[in-house]
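Trainee: The lines below spell out each chain.
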Amino acid sequence: MADARFPLAIRPRPEAGPLARLAAVLGGLVLGLAISVALLVGAGVEPSALLDEFVLVFLASPQSAASVLFQAEPLMFTGLAALLAFRARFWNIGIEGQMIAGAIIATAITLLPGIPDPLRLPVMALGAAIGGMAWIALPALLRLRLGVNEIITTLLLNYVALNGLLWLLYGPWKDPVSGFPYSAEYTAAERLPSLGWGRVDLALPLAILIALAIAFLLARSRFGFLLRFVEANPAASGALGIDVTKVVLTAVLASGALAGLAGFVVSAGVEYRMTQSFFVGYGFSGILIAFLARNRPILALVVALLVGLLMVGGQSMQVFYQIPGSMVQLIQAVLVITVAASDFFVGHRIVLQRAEAAG
Amino acid sequence: MDLQTPMTEALTLTGIDKAFAGFPALRAASFGVRRREVHALLGENGAGKTTLMNVAAGLYRPDRGELRVFGEPVVLDGPRAARKRLIGMVHQHFKLVPTFTATENIMLALEVQNFAAGRLEIRRRVGQLAEDLGFPVPLDRPVGTLSIAEQQRVEILKALAAGSEILILDEPTAVLTDEEGARLLANIRRLAERGTAVVLVTHKLRDVIAHADRVTVMRGGATVTTADPRALSLDLLTALVVGEVVATPTARQTTPGAELLVARGLSVSAADGPPLLDDVGFTLRAGEILGIAGVGGNGQTELVDVVSGVRRADRGSLRLAGEDLAAAPVATRRARGFAVVPADRKTQAMAGDLSVSDNYAVGGVLRTAFGGAALDHGAMRRAAGEAVAAFDVQGVHRLGQKASLLSGGNAQKLVLAREFSADPKVVVVHSPSRGLDMRAMAAVHARLREARDRGAAVLLVSEDLDEILALSDRVAVMSRGRITAEFPAPVDRQAVGRAMVDHG
Amino acid sequence: MSDFLINWLAMVPVFAAPFALAALGLLVTERSGVLCLAAEGYMLIGAIAAVGASLTFGGYPLLPLAAGAVAAAVVSLLFALLVLVFRVEQVIAGLALVFFCLGLSSLIGSTFGWTSRTVSGNPQWPIPGLSEIPVLGRLLFSQDLIVYLLVPLTALVAYLLNGTMTGLRLKAVGDSPDAADAAGVSILGTRLAAILAGAALMGLAGAYLSVVVAKIWVDGMTGGRGWIAIALVIFSGWRPWRALGAALLFGSIEALVPRVAASGFAIPQYFLFMLPYLATLGVMVWTAWRGGGGGAPRALGRPFLREDRH
Chain A
1 MADARFPLAI RPRPEAGPLA RLAAVLGGLV LGLAISVALL VGAGVEPSAL LDEFVLVFLA
61 SPQSAASVLF QAEPLMFTGL AALLAFRARF WNIGIEGQMI AGAIIATAIT LLPGIPDPLR
121 LPVMALGAAI GGMAWIALPA LLRLRLGVNE IITTLLLNYV ALNGLLWLLY GPWKDPVSGF
181 PYSAEYTAAE RLPSLGWGRV DLALPLAILI ALAIAFLLAR SRFGFLLRFV EANPAASGAL
241 GIDVTKVVLT AVLASGALAG LAGFVVSAGV EYRMTQSFFV GYGFSGILIA FLARNRPILA
301 LVVALLVGLL MVGGQSMQVF YQIPGSMVQL IQAVLVITVA ASDFFVGHRI VLQRAEAAG
Chain B
1 MDLQTPMTEA LTLTGIDKAF AGFPALRAAS FGVRRREVHA LLGENGAGKT TLMNVAAGLY
61 RPDRGELRVF GEPVVLDGPR AARKRLIGMV HQHFKLVPTF TATENIMLAL EVQNFAAGRL
121 EIRRRVGQLA EDLGFPVPLD RPVGTLSIAE QQRVEILKAL AAGSEILILD EPTAVLTDEE
181 GARLLANIRR LAERGTAVVL VTHKLRDVIA HADRVTVMRG GATVTTADPR ALSLDLLTAL
241 VVGEVVATPT ARQTTPGAEL LVARGLSVSA ADGPPLLDDV GFTLRAGEIL GIAGVGGNGQ
301 TELVDVVSGV RRADRGSLRL AGEDLAAAPV ATRRARGFAV VPADRKTQAM AGDLSVSDNY
361 AVGGVLRTAF GGAALDHGAM RRAAGEAVAA FDVQGVHRLG QKASLLSGGN AQKLVLAREF
421 SADPKVVVVH SPSRGLDMRA MAAVHARLRE ARDRGAAVLL VSEDLDEILA LSDRVAVMSR
481 GRITAEFPAP VDRQAVGRAM VDHG
Chain C
1 MSDFLINWLA MVPVFAAPFA LAALGLLVTE RSGVLCLAAE GYMLIGAIAA VGASLTFGGY
61 PLLPLAAGAV AAAVVSLLFA LLVLVFRVEQ VIAGLALVFF CLGLSSLIGS TFGWTSRTVS
121 GNPQWPIPGL SEIPVLGRLL FSQDLIVYLL VPLTALVAYL LNGTMTGLRL KAVGDSPDAA
181 DAAGVSILGT RLAAILAGAA LMGLAGAYLS VVVAKIWVDG MTGGRGWIAI ALVIFSGWRP
241 WRALGAALLF GSIEALVPRV AASGFAIPQY FLFMLPYLAT LGVMVWTAWR GGGGGAPRAL
301 GRPFLREDRH
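Sequence order for the protein chains is A, B and C.
No gaps in the numbering here: position 21 of the first sequence is 21 in the UniProt record's numbering, and each next residue is one more.
No gaps in the numbering here: position 19 of the second sequence is 19 in the UniProt record's numbering, and each next residue is one more.
No gaps in the numbering here: position 23 of the third sequence is 23 in the UniProt record's numbering, and each next residue is one more.
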């Protein structure tokens with residue numbers, strides 16, 4: 001007996017093959033990109049220019065490739081930060097706050113006398129990681145001890161961190177030379193050294209190293225195994241004797257540390273100082289990267305590269321076509337939406353019901 | 001009596017097929033019920049009884065087949081359409097909003113138009129109906145706070161208030177004590193005498209023999225036969241249900257050893273309610289099975305959680321060979337030789353999205369049997385493969401396949417394989433055969449006896465009295481969070497049943 | 001000091017109104033079992049739409065507010081599509097929508113040149129006679145229309161939830177979709193209506209914020225108020241009158257910030273700006289400490305699929 005009104009029906013599919021998964025994600029991506037192209041063309045960009053700015057730019061010259069890589073460096077850190085937290089089923093929406101906290105500590109360290117030059121960068125990096133960790137510690141503890149929703153607490157702390165930053169920049173740390181609201185410039189010893197290819201700096205190999213380490217931990221280590229169990233079923237993990245609190249806290253603190261490092265990578269690698277808005281947009285991009293990479297670290301590097309490309313392309317769109325910077329943000333959101341929706345086709349099939357008679 | 005005459009049938013289902021995600025759940029199933037009769041639909045778990053009745057209640061749309069109500073072919077495109085045809089179903093898992101009162105639940109189901117006037121009208125009508133049937137129900141308390149038997153009465157009143165003339169009851173006695181069940185079945189008989197067509201879905205042969213006018217047996221998604229139960233012997237019915245003879249359990253081989261696990265004064269309170277566990281104590285010796293019987297919701301889950309360490313007791317001690325573990329975390333208990341098989345295996349004992357291999361190996365990983373920092377994945381897979389073979393876990397095509405794809409019985413076997421892999425000293429099991437078919441149940445029971453015979457102390461908590469009686473060396477009864485009675489083997493079923501309902 | 005107090009209290013309703021409207025909208029959506037993290041996004045869309053309507057049409061004080069509500073409801077169709085049809089995890093869908101709205105509102109603002117342009121705002125509607133009463137007249141009867149409507153609106157939501165069949169169905173869908181489905185209630189239809197109605201209220205909250213409170217649009221101007229509203233709803237146990245009370249509490253905290261700054265206390269303003277966020281954190285901790293999260297719809301965040309075989 002078929003339903004006479006509606007010829008299509010949704011049927012759950014128990015286990016989709018890897019090909020179906022790939023096809024669904026690609027389908028979502030293609031649809032998202034198509035919508036994005038339509039948006040850009042609608043905003044007055046010529047289709048041929050899109051090809052130039054977003055596709056050919058990467059191949060055009062080693063210099064433009066380097067600028068994309070450089071743009072992607074902090075994104076790699078925030079992407080890895082997001083995926084570690086998501087692996088522990090912890091929604092870290094406070095990456096930007098943790099970036100601010102990390103960069104504040106790193107900048108505070110630049111103001112300390114008496115640290116030998118060769119040690120300055122490592123100490124700054126360490127400080128930034130600790131700052132990020134400290135900023136996520138409160139939401140983590142509140143969630144693990146009292147069950148307070150971390151989505152809201154991490155997000156609220158973004159605003160607290162931002163106001164703390166503004167206080168520093170308009171108060172104690174105001175540039176003594178220009179009077180502008182940004183901190184004094186870092187010295188040469190406090191800047192991430194360039195690798196001699198465009199502005200690409202030490203952050204790139206560091207990100208790759210960290211991604212490899214995380215990939216190994218997740219796939220091969222005992223901790224990674226336990227983390228996967230906690231991700232899949234926290235209740236059963238607890239009943240089996242896994243110390244869920246410890247596992248989650250470890251992953252979440254590591255997430256905060258990576259976000260803090262991302263703040264350091266921007267301040268010591270891009271801006272060479274702290275500004276009011278050095279962190280803007282990196283938090284959401286991190287979430288997007290982790291989501292599109294399905295929480296896989298190596299894949300996250302690749303996706304970070306693509307988002308870097310999008311940002312570099314977006315900047316030249318802004319210059320040549322007066323396309324607002326928010327377009328890049330909108331495109332990212334569209335991609336998340338279409339890929340998330342495409343997931344439906346991994347778990348379900350649409351089948352055509354034949355309108356046959358009963359019996 | 002001519003059993004085949006279609007003229008008098010209130011509801012007939014003919015040649016019903018239904019598949020879920022490609023797996024057939026019903027194959028050409030046929031069934032009919034008349035006014036003034038109680039027609040039992042008998043079969044073991046997974047035979048398709050509930051699926052067939054969900055088709056009759058409009059919840060599932062059949063892939064093929066015909067429904068007739070009072071002789072007229074119908075298409076039911078939802079529960080509402082079924083209700084319009086005067087079909088009412090009381091599901092095994094009640095379809096009640098726990099935060100609503102009985103009145104509000106019935107208002108919702110009856111699609112009352114005006115809230116204020118509807119509430120008065122429904123209260124009056126349902127109160128009258130409840131009185132007529134001898135069905136006392138509090139109408140103004142949230143149904144979540146009512147007992148299971150009371151919630152069931154609300155469900156039946158809901159169906160009757162909607163004017164149902166065809167009433168389907170899915171396993172109504174499964175959640176009741178023997179005594180409550182008997183009272184319910186007597187009430188149902190009265191309903192049938194007043195003209196209602198009653199379908200009694202059950203897996204209990206006893207209910208069928210004593211209370212049904214006709215019985216239809218289902219096996220493997222098909223209806224096997226329809227007959228007068230008085231014309232069939234218990235053995236013949238069993239054979240029809242199972243399809244083959246299940247071996248009877250072997251007698252026990254050892255005598256209990258020394259006292260191993262001693263609980264004293266275990267108590268747990270809810271935030272602002274009555275105690276969930278109230279001064280519970282028991283002594284469990286090596287090589288014995290202690291059965292904890294009782295109607296569900298009398299503290300069994302809390303007892304299992306407290307003994308296994310998932311939940312901390314407010315007071316009391318739990319000594320394993322003298323060492324008090326009452327405050328010890330789960331990991332410590334497991335290190336001392338605890339194995340736990342919780343009632344809800346798919347959510348409490350497994351990670352369905354992970355592989356069969358991972359779900360087996362997690363026990364060993366926690367004992368650092370596969371390495372302390374880096375893991376030996378080859379060894380993990382080999383161990384899992386051996387366990388799957390040894391415990392006869394079926395449906396495993398690859399060790400890397402998702403554990404959620406296993407059937408209930410095979411998932412349970414996998415959990416048992418993991419829990420027994422370290423030769424446990426104390427085994428805590430809760431409703432180990434709930435939802436399993438007879439063959440899987442027999443296999444699970446055999447494993448529990450084996451563990452006992454190897455010298456493990458087994459705490460068996462189950463709401464299924466048959467299971468308790470089949471396995472236990474001693475039986476204790478829980479009621480309202482307390483252990484109210486204890487019986488040495490051989491246990492008298494009547495006495496245990498009385499203790500279960502005696503709330504003292 | 002009494003000047004300070006009156007100036008402060010007179011501003012409380014204006015600051016409380018966006019919280020109250022957003023919280024009521026969230027409550028309506030979430031009572032149907034749909035977790036709504038998109039509040040911040042709806043508010044942004046409502047805010048930009050209201051400013052756009054005000055700049056484009058001018059002169060009609062209520063038109064921008066209506067535009068905000070309608071725009072947010074339209075955007076919520078996307079959320080409904082994701083959550084109800086594609087069964088995207090509600091957390092992901094909510095977050096994606098917030099970022100979508102952030103980008104979209106900013107894009108619209110700069111494309112049409114609506115950013116940083118002052119709008120005429122909404123006139124006060126002093127109630128003749130009553131507004132002449134000393135102190136009380138200023139506090140309670142010299143406000144704008146939306147403020148006057150807060151109490152009737154809360155009463156309406158409370159009545160809908162607790163005194164009508166619509167409310168009974170809505171709560172059933174949010175608490176026990178299985179039971180509601182068996183009773184013939186359309187789960188998807190109910191949730192769609194709840195998403196639309198809730199988004200309209202949240203859009204109204206954003207519109208009020210831009211055309212009445214700030215009288216200007218700047219990117220991301222809601223400044224986390226949507227998230228604070230979510231915390232308020234948890235705090236209020238999903239009950240309308242309590243949500244109004246919580247909104248007043250937070251309105252008074254927000255109204256305090258400019259007052260304290262203006263009164264010349266030697267506190268850096270940025271610490272004052274932290275106050276609402278820290279207060280929200282405090283409220284969340286307190287709610288959890290009490291054994292909170294009470295009153296949450298039991299099916300909150302869980303998609304419904306009837307043919308699931310469980």
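Take these hints with a grain of salt, some might be off.
[Said to hold, decoys possible] Here are the simulated lysine to any residue pairs, SDA-like style, with alpha carbons at most 25 Å apart:
(1) B:LYS402 - A:ARG220
(2) A:LYS174 - C:GLY189
(3) B:LYS84 - C:GLY189
(4) B:LYS346 - A:LYS174
(5) B:LYS346 - A:ARG89
(6) B:LYS402 - A:ARG89
(7) B:LYS346 - B:GLY316
It is worth saying that the hints were derived from the structure and are not from the lab.
Trainee: Run every hint past the structure and note whether it holds.
Mentor: We went through each hint and held it up to the structure:
This hinted pair checks out: LYS402 of chain B and ARG220 of chain A have alpha carbons roughly 19 Å apart, not beyond 25 Å. Restraint check for LYS174 of chain A and GLY189 of chain C: the C-alpha separation of about 56 Å exceeds 25 Å, so the hint is violated. In summary, the hint linking LYS84 of chain B to GLY189 of chain C is supported, as the alpha carbons are separated by about 21 Å, within the 25 Å threshold. Distance restraint check for LYS346 of chain B and LYS174 of chain A: the Cα-Cα separation of roughly 58 Å exceeds the 25 Å cut-off, and the hinted pair is therefore not satisfied.
Of the supplied pair hints, the one linking LYS346 of chain B and ARG89 of chain A holds, its CA atoms being roughly 19 Å apart against a limit of 25 Å. Taking the CA atoms of LYS402 of chain B and ARG89 of chain A, the gap is near 20 Å; set against the 25 Å cutoff, the hint holds. For the suggested pair LYS346 of chain B and GLY316 of chain B, the alpha carbons sit about 30 Å apart, so the restraint of at most 25 Å is broken.
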